[in-house]
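S.K.: Everything in the sequence shown is counted per numbering that gives the first Met the number 0, starting at 0 for the first residue and increasing by one.
Do not rely on the hints blindly, as some may be mistaken.
Unchecked claim - Label-pair restraints from in silico Cβ distances: (1) His34 to Asp5: 33 to 41 Å; (2) Asp5 to Val59: 26 to 34 Å; (3) Thr68 to Tyr8: 30 to 38 Å; (4) Ala55 to Asp18: 21 to 29 Å.
Keep in mind that the hints were calculated from the coordinates and are not lab data.
As the structure is a computational prediction, the values presented were derived from the model and not from experiment.
Virtual Cβ for every residue (Gly too), placed ideally from N, Cα, C.
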Amino acid sequence: MAAVPDPLYEELVAEFGDDAPAVAERALRSEITRHRISVAIKRGVDPAKAVADALALDPVFLADTDALTAERSEPSSLEDRLRRWG
């Protein structure tokens, strides 16, 4: 894997300080998710399903979603929740 170019690293640190590693991780995770969605849609997957499938692979997103829906009495699939929120 290629290293982060020095100018980009310096910009991250200058902008986010000690939070730079976490910000970089979130940005990379978002790009991976975006790529998964794009590939799935190009393969003919329904867009809502493509988004749900890609986000289901992101443990941080799942933890956030679980926290937001923890008080729901009846569980629903991630795809169903995305359709309601969209």
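S.K.: May I ask which of the numbered hints given earlier this structure violates, with the numbers listed in increasing order?
M.R.: When the structure is compared with the hints, only number 1 turns out to be violated.
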